[in-house]
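Student: Given next are the chains, with one letter for each unit.
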Amino acid sequence: MLDTDELKNDFPIFSHIKDLVYLDSGATSLKPRQVIAKENEYYHKYSANIFRGIYKISEKATAEYEAVRGKVAHFIGAKNSREIVFVRNATEAVNLVAAGIGKTLKPGDEIIVSIMEHHSNFVPWQQRSLKKNANFKIWNTGRDYMLNLLELEKLMSSRTRLVAITAVSNVLGTINPIKKLVATIKKRIPESLVLIDGAQAVPHMKVDIEDLGCDFYVFSSHKMLGPTGVGVLWGRYELLHEMHPYQYGGDMIQAVYIDHTDFKDTPHKFEAGTPHIAGVIGLGAAIDYLKDLGMENVRRHEIELTTYAFEKLKLINGITIYGPTQMEDRGGVISFTIEKIHAHDIAQILDSRNICIRAGHHCAMPLHLSLNLVSTARASFYVYSTEKDVDALVEGLKFVQKTFS
Amino acid sequence: MDLIYREQILEHYKHPFNFGVLDNPSSEASDNIVSCGDSLSMQVLVKNKSSLVADIKFQGSGCAISIASASMLTESVKGQKIGDLKNLSKNDILTMLGIELSPTRVKCALLSLEVLHKTLNQLT
Ligand SMILES: Cc1ncc(COP(=O)(O)O)c(C=O)c1O
Numbered sequence: 001m002l003d004t005d006e007l008k009n010d011f012p013i014f015s016h017i018k019d020l021v022y023l024d025s026g027a028t029s030l031k032p033r034q035v036i037a038k039e040n041e042y043y044h045k046y047s048a049n050i051f052r053g054i055y056k057i058s059e060k061a062t063a064e065y066e067a068v069r070g071k072v073a074h075f076i077g078a079k080n081s082r083e084i085v086f087v088r089n090a091t092e093a094v095n096l097v098a099a100g101i102g103k104t105l106k107p108g109d110e111i112i113v114s115i116m117e118h119h120s121n122f123v124p125w126q127q128r129s130l131k132k133n134a135n136f137k138i139w140n141t142g143r144d145y146m147l148n149l150l151e152l153e154k155l156m157s158s159r160t161r162l163v164a165i166t167a168v169s170n171v172l173g174t175i176n177p178i179k180k181l182v183a184t185i186k187k188r189i190p191e192s193l194v195l196i197d198g199a200q201a202v203p204h205m206k207v208d209i210e211d212l213g214c215d216f217y218v219f220s221s222h223k224m225l226g227p228t229g230v231g232v233l234w235g236r237y238e239l240l241h242e243m244h245p246y247q248y249g250g251d252m253i254q255a256v257y258i259d260h261t262d263f264k265d266t267p268h269k270f271e272a273g274t275p276h277i278a279g280v281i282g283l284g285a286a287i288d289y290l291k292d293l294g295m296e297n298v299r300r301h302e303i304e305l306t307t308y309a310f311e312k313l314k315l316i317n318g319i320t321i322y323g324p325t326q327m328e329d330r331g332g333v334i335s336f337t338i339e340k341i342h343a344h345d346i347a348q349i350l351d352s353r354n355i356c357i358r359a360g361h362h363c364a365m366p367l368h369l370s371l372n373l374v375s376t377a378r379a380s381f382y383v384y385s386t387e388k389d390v391d392a393l394v395e396g397l398k399f400v401q402k403t404f405s
Numbered sequence: 001m002d003l004i005y006r007e008q009i010l011e012h013y014k015h016p017f018n019f020g021v022l023d024n025p026s027s028e029a030s031d032n033i034v035s036c037g038d039s040l041s042m043q044v045l046v047k048n049k050s051s052l053v054a055d056i057k058f059q060g061s062g063c064a065i066s067i068a069s070a071s072m073l074t075e076s077v078k079g080q081k082i083g084d085l086k087n088l089s090k091n092d093i094l095t096m097l098g099i100e101l102s103p104t105r106v107k108c109a110l111l112s113l114e115v116l117h118k119t120l121n122q123l124t
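Top line first, the protein sequences correspond to chains W and F.
Note that this note's numbering has the first sequence beginning at 1, numbered continuously upward.
Note that this note's numbering has the second sequence beginning at 1, numbered continuously upward.
Hints listed in this document are in silico derivations from the structure and should not be mistaken for laboratory results.
Computed from a prediction, not measured in an experiment: that's the story for all the values here.
Just so it is clear, CB atoms sit at the ideal spot from N, CA and C, and this is done for glycine as well.
One thing to keep in mind: the hints can contain errors.
As the list claims (entries may be wrong) - Away from chain F, derived, C-beta distances all over 12 Å, residues of chain W:
| id | residue |
| --- | --- |
| 1 | D10 |
| 2 | F14 |
| 3 | I36 |
| 4 | Y46 |
| 5 | E66 |
| 6 | G108 |
| 7 | L130 |
| 8 | M156 |
| 9 | M295 |
| 10 | E304 |
| 11 | T307 |
| 12 | L313 |
| 13 | H361 |
| 14 | D391 |
| 15 | V394 |
As the list claims (entries may be wrong) - Straight-line alpha carbon distances no greater than 30 Å define the calculated DSBU-like cross-link-like pairs of lysine-lysine that follow:
| id | chain 1 | residue 1 | chain 2 | residue 2 |
| --- | --- | --- | --- | --- |
| 16 | F | K78 | W | K340 |
| 17 | W | K187 | W | K154 |
| 18 | F | K49 | F | K81 |
| 19 | W | K398 | F | K14 |
| 20 | F | K78 | W | K398 |
| 21 | F | K57 | W | K402 |
| 22 | F | K14 | W | K312 |
| 23 | F | K90 | F | K49 |
| 24 | F | K47 | F | K81 |
Excised from the complex, chain W in its bound form:
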């Protein structure tokens, strides 16, 4: 069990806003001082560009930056740090793969995504498919808010080129059985590729990419205690090696001639221009922080807290909670609606008590449409979230109801 009272001291925002009840970690996490300090250390002590200077501080910056690549690889169980590409966020990582795969798409090829995808793992595939006359297919959830593997097998065909699925839904909380899912896909059509959106998984549970068997995996630093502006793409070495660069410019070249350019190998051929050096270095500190806590403890804390919140919230009159009811099947996310009160009104009134939740479609409009919902309210948890935060939410919701009664 995490010592959350102790933990809260690591997050400076709580000393600035004493009564802050932050329940929107699904959107972005708060940052511990260790991460902020590490990012600052770069600016204070060795703020030089990487791969360019034949001088000590540049070499120090390069070493720190590249060390994080190894740290990320180890953290997610990748066997080769060449498979780790730094980008701006999970969204850019999906776009990078969609651009690469998109080049080879033929009319009639199929891309399959699930209905619970975040727009960032939906729109890039939809748009590529439209452009290339590929078939864009949707895998729907059942009434239990879970994806059914038999449905997927029915959807797939010999033309299936890629399946893009989220590991954890940012709305329903559903934890998809990725390993089983990948095995099913590969058994049916061995050549089809699988991209997993781990934006809501890597921050919250142990992930072992080699064990999952997928081809690409994406996530964002800012949801896992790290700086904004950094995302990670993991891809199988052979695939990244073959794939065309995404952007062109400095840092990604081997040699440039008037009539052609030789590119570096992955990962550097995908990292054109000066990257977010401080951000990547900060991400290293976030990973250290999470490792210290232990990902099993992080996950256990979230199961306990989500269970507690679920029990408390379901007693509220007129509330509907979406997503799986077995806590083992869901992450630390609870989306709900309250009869006759719009989600925006709920969020706004809670804000008057410094309680932060999300209201809207959470960048998952297709899912909301499929559930016949216009918007939901969402509370999401992380390592610093406590039962006290949940209690404040429950009291806050009662106050919202009183306001509207």
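Guided by the hints, dock chain F with the ligand onto chain W, whose structure is given.
Tutor: This is chain F with the ligand only, laid out in the frame that chain W set:
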């Protein structure tokens, strides 16, 4: 308590004026804010080529701000000249509501004005 949810706004939300449909509207229009899931439709009645709003009704679903805004706006335009109403501005709506709104919520407040303008512009 949040000043946005003052008593008058809540009353309009819970018991909106002019909620419903007209039998023979002269014009009707609708619009929505996809990101919020708010949607609003309006109908106006203009009698015998006069230039006055004889009656107006609205329907829809949305947050307290958008519904209260539609309720108050429709109530205030009855008997008014079409020409004048076309000049109603964002500030008129905010003054009518009498509350401070953050940029994200201003959108909710202005939906009713947009639909009103759309409806009036369709009058032939
Ligand atoms: C499941 C999921 N995928 C992708 C993203 C996109 O992350 P980012 O905005 O950092 O690219 C998010 C975050 O909003 C998410 O929750």
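Student: Which hint numbers does the structure go against, in order from smallest to largest?
Tutor: 13 and 20
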